[in-house]
Amino acid sequence: MLTIKNLTVKFPSRFGDFTAIEDVDMTIKPGEIHGLVGESGAGKSTVGAAAIGLLQSPGYVSNGTLTLGNTDLRTLTLAQAHKVRGDRISMIFQDPQTSLNPLMTIEDQLIETIQAHSDASISTARKRAVYLLEEIGIKNAAQRIKAYPHQFSGGMRQRVVIALAVSTDPELIIADEPTTALDVAVQSQVLDLIQRLAKERQIAFMLITHDIGVIAQVADRVTVMRKGRVIETGNTAQVLGTPKHSYTQALMDAVPPLDRKIDRFRVPDAGDTVSTLGDFAENWLLKGQLHDLTGLSLKNLTVRFAGPRTSFFRKPPPYIALDDVTLNIKPGSIMGLVGESGSGKSTLAKTITGLITPSHGTMTLGDTALPFGKSRSRHHLSRQLVQMVFQDPYSSLNSRHRVGDILTEPLWFYGFIKDAKEREKLAASMLSLVGMQPDAITKYPHQFSGGQRQRIAVARALLARPRFLICDEPTSALDVSIQAEILNLLKELQTKFGLTILFISHNLAVVRQMADETAVLRNGKIEEVGETHAVYTTPKAEYTKSLLALTPVMPTYCKI
Amino acid sequence: MIAFVKKNEGFWLFVHSPAAMVAAIFAVIILLGAVFAPWIALVNPYDLASFSLFDGLLPPVWLDGANPKYLLGTDDQGRDMISSILYGARLSLVIGLSALTIAAVLGVGLGLAAGYYGGRFDAIVMRIADVQLALPAILTALLIDGIARGILPAAIQQDLRVAVLTLAIALSLWVNFARTARASTFMHMNKEYVQAAIMMGQHPLRVMFVHILPNILGPLLVIMTVDLASAILLEATLSFLGIGLPADSPSLGTLIRIGMQFLLSGEWWILWIPTMFLVVLVVSINILGDFLRDLFNPRLR
Amino acid sequence: MVYFILKRMLQSVFVMMAVAFLAFSLFRFVGDPITQMTGVETSVEDQERLREELGLNDPFIYQFLRFTGDMLKGDFGFSYRTRQPVADMIASRIPATFELGVVALMISLLVGVPAGVYTALKPRGVLTQTILMTTLVGVSIPTFVIGIMLIFIFGVQLGWLPTFGRGGTFKIGAWESSLFTIDGWRALLLPAITLGVYQLTLTMRLVRAEMMEVMRSDYIRFAMARGVPMRSLHYKHALANTMVPVITIIGLQFGGVIAFSIVTESVFQWPGMGLLFLESIRFVDIPVMGVYLVVIAFFFVLVNLIVDLLYVAIDPRLRIRDV
Chain P
1001 MLTIKNLTVK
1011 FPSRFGDFTA
1021 IEDVDMTIKP
1031 GEIHGLVGES
1041 GAGKSTVGAA
1051 AIGLLQSPGY
1061 VSNGTLTLGN
1071 TDLRTLTLAQ
1081 AHKVRGDRIS
1091 MIFQDPQTSL
1101 NPLMTIEDQL
1111 IETIQAHSDA
1121 SISTARKRAV
1131 YLLEEIGIKN
1141 AAQRIKAYPH
1151 QFSGGMRQRV
1161 VIALAVSTDP
1171 ELIIADEPTT
1181 ALDVAVQSQV
1191 LDLIQRLAKE
1201 RQIAFMLITH
1211 DIGVIAQVAD
1221 RVTVMRKGRV
1231 IETGNTAQVL
1241 GTPKHSYTQA
1251 LMDAVPPLDR
1261 KIDRFRVPDA
1271 GDTVSTLGDF
1281 AENWLLKGQL
1291 HDLTGLSLKN
1301 LTVRFAGPRT
1311 SFFRKPPPYI
1321 ALDDVTLNIK
1331 PGSIMGLVGE
1341 SGSGKSTLAK
1351 TITGLITPSH
1361 GTMTLGDTAL
1371 PFGKSRSRHH
1381 LSRQLVQMVF
1391 QDPYSSLNSR
1401 HRVGDILTEP
1411 LWFYGFIKDA
1421 KEREKLAASM
1431 LSLVGMQPDA
1441 ITKYPHQFSG
1451 GQRQRIAVAR
1461 ALLARPRFLI
1471 CDEPTSALDV
1481 SIQAEILNLL
1491 KELQTKFGLT
1501 ILFISHNLAV
1511 VRQMADETAV
1521 LRNGKIEEVG
1531 ETHAVYTTPK
1541 AEYTKSLLAL
1551 TPVMPTYCKI
Chain G
168 MIAFVKKNEG
178 FWLFVHSPAA
188 MVAAIFAVII
198 LLGAVFAPWI
208 ALVNPYDLAS
218 FSLFDGLLPP
228 VWLDGANPKY
238 LLGTDDQGRD
248 MISSILYGAR
258 LSLVIGLSAL
268 TIAAVLGVGL
278 GLAAGYYGGR
288 FDAIVMRIAD
298 VQLALPAILT
308 ALLIDGIARG
318 ILPAAIQQDL
328 RVAVLTLAIA
338 LSLWVNFART
348 ARASTFMHMN
358 KEYVQAAIMM
368 GQHPLRVMFV
378 HILPNILGPL
388 LVIMTVDLAS
398 AILLEATLSF
408 LGIGLPADSP
418 SLGTLIRIGM
428 QFLLSGEWWI
438 LWIPTMFLVV
448 LVVSINILGD
458 FLRDLFNPRL
468 R
Chain V
29 MVYFILKRML
39 QSVFVMMAVA
49 FLAFSLFRFV
59 GDPITQMTGV
69 ETSVEDQERL
79 REELGLNDPF
89 IYQFLRFTGD
99 MLKGDFGFSY
109 RTRQPVADMI
119 ASRIPATFEL
129 GVVALMISLL
139 VGVPAGVYTA
149 LKPRGVLTQT
159 ILMTTLVGVS
169 IPTFVIGIML
179 IFIFGVQLGW
189 LPTFGRGGTF
199 KIGAWESSLF
209 TIDGWRALLL
219 PAITLGVYQL
229 TLTMRLVRAE
239 MMEVMRSDYI
249 RFAMARGVPM
259 RSLHYKHALA
269 NTMVPVITII
279 GLQFGGVIAF
289 SIVTESVFQW
299 PGMGLLFLES
309 IRFVDIPVMG
319 VYLVVIAFFF
329 VLVNLIVDLL
339 YVAIDPRLRI
349 RDV
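Chains as they are written, first to last, in my numbering: chain P, 1001 to 1560; chain G, 168 to 468; chain V, 29 to 351.
A portion of the hints provided could be inaccurate.
[Said to hold, decoys possible] Distance condition first, Cα-Cα at most 30 Å in a straight line; then the derived DSSO-like pairs of lysine-lysine:
no.	chain 1	residue 1	chain 2	residue 2
1	P	Lys1287	P	Lys1139
2	P	Lys1139	V	Lys264
3	P	Lys1127	V	Lys264
4	P	Lys1299	G	Lys358
5	P	Lys1491	G	Lys358
6	G	Lys358	P	Lys1443
7	P	Lys1525	P	Lys1374
8	G	Lys358	P	Lys1425
9	G	Lys236	P	Lys1374
10	G	Lys358	P	Lys1525
[Claimed, not checked] Partner residues aside, some chain V positions facing chain G, computed with beta carbon under 7 Å:
no.	residue
11	Leu38
12	Phe42
13	Pro113
14	Leu164
15	Ser294
If you are wondering where the hints come from, they were derived from the structure by calculation, not from laboratory data. Small disclaimer: the values here were computed from a predicted structure and weren't measured. Note that beta-carbon positions come from the ideal geometry of N, C-alpha and C, so glycine has one too.
Let's have the full structure, built from the sequences with the hints guiding it.
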């Protein structure tokens, strides 16, 4: 049993000590899955790292106690602590692609780990390793064990990681975002596995995640953290169903439900200051529209990439990224596009914007045909009418340019406004329209948080006077409360300015909140398109059904 | 507060890194000395009338028989060592900096374009870089020098020595810039801010120079410092091999080559003082380069 | 895997062709070969006949192909200066440079890799800081100055070691080696250290940077978290992964060894290819310069092909491709 009391971790810096977590209390019993949830910067991972004694240098535990069973973890010497690692506490990392040594076979890594903590002979260790892999759900384990990590798929690799973590029979496993890098289908398998291991082997799990759905699905108890402090802790049903703290409540409100549509998320400081600063930009956008609502229709769109070349003599088989995609996005509507990683969602966005050249098919924006890829001239009208909001607000804004320069670029580039002062004025007004202070134009992107940057990105897109907006996973890099704000903003702007939006996401619940119609993409093929409510309640395609079934759902007790 | 700290982090680290501070002070002093050599040097080493054989082989002031007028002594011709070194450093820096500029412009231009366009153009540039790599810097420089000897009439050769040397050094350094610029450009091509610019229909030159270039300046700056050190070393090496500059317009390398004649005699200062000076200059530049490398790669800190 | 190696070989052939072309252009355009080969007393008619005989009036591309063909057959032409076959001149110099380079590379690896590992594992230690500072000074001292300093200390002041030439050599067939006599080793020591020091600092800094990068990776942290013994963690896991990029760069460093062997050979009057090259530049002996280029490029390309094979041997991701 792990007991943490008054845990405080500090990181010395040249501006004094930075306190990462403070006064954290937590107990995890054998066989218990203890969820540790919070937004970025809450200090969840620091708790896990402190427990296993692997705090990133120069962090240190300045106060509190950490006990595992009868062992006081803080008093251990470095060598003793290293013995405890693996033997009694183990860990699972987020990204299975990078957590295994690429140069060693699975067998070598497993045998080495087993032998490090027992005096098993090589053959005993190998037997145990094979048995473990079978238990963890790897078929044909006796042969697969000889393989290198890169020969396994992402989900299988995470299983191997889990096998390694349990290979030494630890009492406690710290799982740091173990399913964040995985698709829903694999995620649900991994969560099942964790649940089984907890029950059968009585392993205690510290499950660190930002995803409340995951917690709701598997955790017995949950601790909510914010800014390095514990907000509340208790049984999962109690904490999520009847939160005592307003922060937990706000967090729950921000989670988009899968089973129904809500018009607007309740955001903590919803008292949006009514400001007239944005009116200038609003009028500019409304009056200057030269085009009616603009839809987009795609017919038989196919994109092929050259596969990896392995021979001089044979042409490599092409990789089909988009396969005969036909999609009609009605003017002024929001089309949601869902699919797992590698399904071709982003390829579709890039094809529409001309970054990728399809091999055949047609694209029609409004009533003009869109030329493909490089054959689309740099002055084509669609370059202005179609704009995009990207996934990663940290890389979508040029960090060396002032926010003002970023925002005014479309204004002079498309020749809307000749006067530089006038451009700045409009940019400032646009900032206030998307809920930011207008003085932001003098600053640089790195001075803003992820959510603020995404607002700037939206402002930049609007300043091109677009009719068609592509949002490619616009909130997947953001915390859930920020996601709620951005989704609110996008909805508002869409109704105000009559934009047509292609909303791309891997998150079914988010798409449900946003889209009028939803298309489901898998391996480059459209599995199903339809009115959103119909797709979610009466899905036709088997694939859609399984996706919906596997997505973690808030249990009924969480309903507000 | 956080923004303020971030913005001035480089400066803060600089002030708190004694090695970088000392190196910068040395580099600045040498630079100033080189720039103002004609005004501060005691004699003009190019002007035979400004020194006299009677002052020859005087030791530095802390040894017996020194003339306090010549702080670091004189060479066999009677030239003041300090003056020779200042003029030598001036020449070395002029050659180094011009070669560096040519290499940077050529290399960054090609690297950006190769990273931006990819495909066949990239393949061609990289193959040329491969060939250049198979012929290392000194070899390239020697070769160009050899060619110049073969083609140019003897009369012009002397006049063009500096130009040939600069070109030789520049051609052997451009690959570093090209490879770094290309690798960084590749990385940034996948970033969404670049895609946004391309999507808007901005001109490729604008995307390359206004959007990408400012973002890849960090690693390029590191290459620039390290290569300035290489350029100075290369010039010194070539002059030492007797292929660089002639004895009547001595750079640091030439001074060391001349000093070699005194390796076995008692007049050690004619060899070791210019050598020390060259080493201090290059060490300073390399320390600054190291500091910049750490600054731009915070994970190594 | 086969494709990867074939592709690299094709690239190597391209590099060789380009260098051969360079050498040929040198020979053809830098100075007139005929005036170099004949004396002043040769008549214009004789010169013209020679020109025709040597095929210098043929189309350019023929001449280049013939030049390449001759090279492949081992016919490298004659030196302008000594009138000897260039092939013999270069061949007699290869052993000296080869042994110098190999011993220098050995020094650089045997000291550089352990030092790099140590400084990466103990980044804040006093010894680490000392080593780092020393290597920084090391890369800043030109090779020829290191040579001069070694000569000054061990040759002139202490008088322990010879300062020029190869000392006693031992003949194995046509190969003159200094590795089998004490005298030979004494002569080899200073030049090899001179040449090795610069490479050593580069190797060390590279190993250090890569190792620190690897130590921060998820798989090392995961290995840490499951209590893999420290020794295995550092050497089996971390060092092996470090070697993948390091090997590539060491292949490229080979070029540096060649380049600085010219300087080292000049300082120590070491009778290798580099010294020959320097002499040929001084006398504008174009055929020797050209052939030297081709030979150097050939070794460079060869070493890098070996590096690619090593790369494949170390990294299973290049060997086995199936998911």
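We went through each hint and held it up to the structure:
1. P:Lys1287 <-> P:Lys1139: violated (64 Å)
2. P:Lys1139 <-> V:Lys264: holds (28 Å)
3. P:Lys1127 <-> V:Lys264: Given pair lysine 1127 (chain P), lysine 264 (chain V) holds - Cα atoms ~23 Å apart, limit 30 Å.
4. P:Lys1299 <-> G:Lys358: holds (29 Å)
5. P:Lys1491 <-> G:Lys358: holds (26 Å)
6. G:Lys358 <-> P:Lys1443: With Cα atoms ~21 Å apart, lysine 358 (chain G) and lysine 1443 (chain P) stay inside 30 Å; holds.
7. P:Lys1525 <-> P:Lys1374: Distance of about 24 Å is within 30 Å: holds.
8. G:Lys358 <-> P:Lys1425: holds (29 Å)
9. G:Lys236 <-> P:Lys1374: Status violated; Cα separation ~72 Å.
10. G:Lys358 <-> P:Lys1525: Status holds; Cα separation ~26 Å.
11. Leu38: For leucine 38 (chain V), the interface hint is violated, since the closest Cβ of chain G sits about 11 Å away, which is over 7 Å.
12. Phe42: Since the shortest Cβ distance to chain G is 6 Å, the answer is holds.
13. Pro113: With a closest approach of 21 Å, the proline 113 (chain V) hint is violated.
14. Leu164: holds (6 Å)
15. Ser294: Where the cut-off is 7 Å and the nearest Cβ of chain G is about 6 Å from serine 294 (chain V), the hint holds.
In summary, the structure is inconsistent with hints 1, 9, 11, 13 from the numbered list given earlier, while agreeing with the others.
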